[in-house]
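Q: Sequence order for the protein chains is V and S.
All you need for my numbering is the position in the first sequence, starting with 1, plus 4.
All you need for my numbering is the position in the second sequence, starting with 1, plus 13.
These aren't lab readings, by the way, just hints derived from the structure by calculation.
Treat the hints with care, as some may be off.
What the simulated footprint calls covered on chain S by chain V, stretch by stretch (three residues with Cβ under 8 Å from a Cβ of chain V suffice, anywhere in the stretch; the number is not a length) [what the hints assert, rightly or not]:
| id | segment |
| --- | --- |
| 1 | 35-46 |
| 2 | 75-84 |
| 3 | 97-107 |
| 4 | 206-213 |
Glycine residues also receive a C-beta, built at the ideal position from the N, C-alpha and C atoms.
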Amino acid sequence: MSNVLFDSPGPRAISRNRLIGAISIVVVVGAVGYVLLRFYQTGQFDASKWEWLLYEQVQVELLRALGNTVGAFATGAVLALAFGAVFALGRLSDHAWLRVPCTGIVEFFRAIPLVILIFFLYYAAPGLGVNFGQYWSVVLGLTLYNGSVLAEVFRAGVHALPKGQTEAAYSIGMRKNQVMRFVVLPQSVRMMLPAIISQLVVLLKDSALGFLITYQELLYYARYLGGVPTLDRPIIPVSMVVAALYISMCLLLTWFANFLDRRNRRGKKTRVIAAPAEDRLAATGGAPTGE
Amino acid sequence: MDILVEYGDVLARGFLHTIELFLLAGVGSLVLGTVLATLRVSPVPALRAVGTGYVTLLRNTPLTLVFFFFVFAYPKLELLQFPFFTAAVIALTIYTSAFVCEVLRSGINTVPVGQAEAARSIGLGFAQSLTNVILPQAFRAVVPPMVSVLIALLKNTTVAAGFSVNEVGSVIPFLNEEGEPTTNAFIWIAVGFLILVIPLTLVQRSFEKRWSVAR
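For reference, chain S alone in the conformation it holds in the complex (with noise of 0.2 Å):
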């Protein structure tokens, strides 16, 4: 209990800038994520290679290898600079925008094929037949496994303790420089994500639910 009382500030603010991380990448992972896998149905071959090629390429990359190199070798390139905290939301929304696109792109592969007939025999064209029929459809079927991602990027948010980003996975090395046993820190730490997948994971069930397609 004693490190509530005297480093409960720091764990609070760790998970603000957690909660922070989260909302952004979050945000920003699914716009790129809906395009990208927008590219991946597209009529057009070229396109449809480039986000295959994204997706391949940042799914077989780790996530700290992305993280390294806008940290480290980014700055080298003297482009448009930005603080760490800004690094890591880009980091984020890169690496998990992949797994968002591969999400989507298998629940439009669960909209049945005559829906997408219809769609064009009523003179629909792609873009159309998309937005209206196809993705409203989809986005319901991947909710569940929408917000696994969701959770996945959580937790994936604290591979930014590595890299000077105040987060809370940093509460621990820091405790330990203070020379504070870390024990009750990692339990009120675990408790704390507990705490932040719940709320997640009940949205998840209510989802299901509510949104279970009547097909």
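For reference, chain V alone in the conformation it holds in the complex (with noise of 0.2 Å):
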């Protein structure tokens, strides 16, 4: 934090913020108590609603549906990337044949929301003769959305590059293929990579959506296992237990954008890219490198 909104606080200062705090630790630890009351009040805390951790098939179908969720995020993401890499290069063709319409796709996908375009793949495709089921509908809509933004991220990573190194190749003979992959692409890549593993955030928690269309992912799972009376409906604990393990797996990713993006502020002068606010915060998400 560079900016400074207030003094150094002198002792009344010190001791009215510390009252503050006081204040505000109780009333956020009442509230938080209040709804953890509320949990054992409803019986959420009983064993029979805890029960199903227990059971091995359970267990293993947890494991499954984690499984399925990050298998839809990999197979996303290596798609986004190849889906970004093609269009990025695509927009930044000196042929005007070729850039116009990678800017059209690339723009209209961004600008249809995801769930419209997963929904589209899953229930308007199959009327056209192509059916995707629900993986595919997911991952290709996880592709496409995405693939979008990163294609955006390229670009500008491209165009972050002081000209002097682009013009300092041409000016030894390179052509336009060499400088981009001896020149540009070394070194727009390493600024490119913190916003590159925040998207991917997006991503992570963009595979979610799957359970809209029933893809049997965390979600999803969480959802039936909730409901079967014979383990007493343990839809609060299940979906506590589903959040840590969303939120831990994001949190990594984050924290590994945020530790690529520290490492290169330090010393380098490189420019940090990032994904248009939009895209960042959007769909269902985001993690923007740290501010």
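Assembling the complex is the task here: the two chains are given apart, and the hints tell you how they should meet.
A: See below:
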């Protein structure tokens, strides 16, 4: 925080801050405590609601659901990176016949809400003669949306490199292809890495949308498990566990992005590339690299 | 075109609900986000921790999960009950405000330190310097990214389709159940979103020009 809005506190301010701090802790602890109390009163902490964790079959199915989430994420990530790379190159092309359609496609897929896109792939595409099924509807949706955002990130990264770099490369007789491969990309990929990882966090979070079209990922399984009568309908315990899984996966990726970001900022004169705010914060979320 | 004649009212109602969700959650998250940003820059360490904790948690949670909690888990607590639509507004507000907070905070960081120092040197306290000097400038700096957050919110309203709210996203599954081809509906929904997003983008541009701060 470079921007200090207040003086270093004196004795009176310190005691006042302590008081406000104590009150706010009481308020927060009180609110959280009240929710926990309600959890307790409605029997959410009863042993019968947590028994499901002990069943081997449930554990295996939970792992399978987690595997489905991670699978959609991993495939989506690889495809989105490829999509992004191809369309970023297309948008950077010198030929208008290549550049214009690529720009159009990227802008289109960024503008459509991802939910609508996934619904289209799942519900409407069979009417057009292609049946993607749940898995590919989710994966392709993730690919098209996040790939378009990544294409923008890649493009921004290439543009952020000082112009002299490309000029110098051309002046020693390299062709565009060589300039890209030997001079521009090695430098700009380093700068783009934090933004790319952040976008992957968005992709991971968006994979939860598979729930809406009954793709059997974590949330879908949580919904099912939470309604099983013989397990005492443990919807709240199950959502707590699933939330912990999602949040820790995303935090891990966010932390990695921030780590790369800090490493980049240290010393080297690199500019940091970020996806447009909308896309970082967007669709179903995102984690901007540390601001 | 047939789809517009036959199901035009479904589409129109869907878009109406989408706009309602957007406006309510938009106002809600701007307010809550500003409060959070204030917490995050306040002199009290405990308040800063609360703000940081909230933002970190919500930014790393899928919106679908937030919806999931409010629609399926929350009613089990037997607290105040509310309809799906209200649950959707709450979920969108809680989620979006974390991002509003971050945008605003980055805006506060763009205000030169000298401004804060000048404010303090004429004797303004934290609240005064924030409301009279820093926030007015920060708000101007963040209009473009803030509009982007709002556009994202507009697109995110479609997640409510999976949770029994009849906004425009739910039109496609509805038509599918009716056995209607959904391709045309998709095109109209896409056009509808463009119509909703374009004014926002225009507002963004005009504010960017008019409000670019003379520093």
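Q: All hints are to be evaluated individually against the structure, with a verdict given for each.
A: To see whether the hints hold, each was checked on the structure:
no.: 1; hint: 35-46; verdict: violated (count 0)
no.: 2; hint: 75-84; verdict: holds (count 6)
no.: 3; hint: 97-107; verdict: violated (count 0)
no.: 4; hint: 206-213; verdict: holds (count 3)
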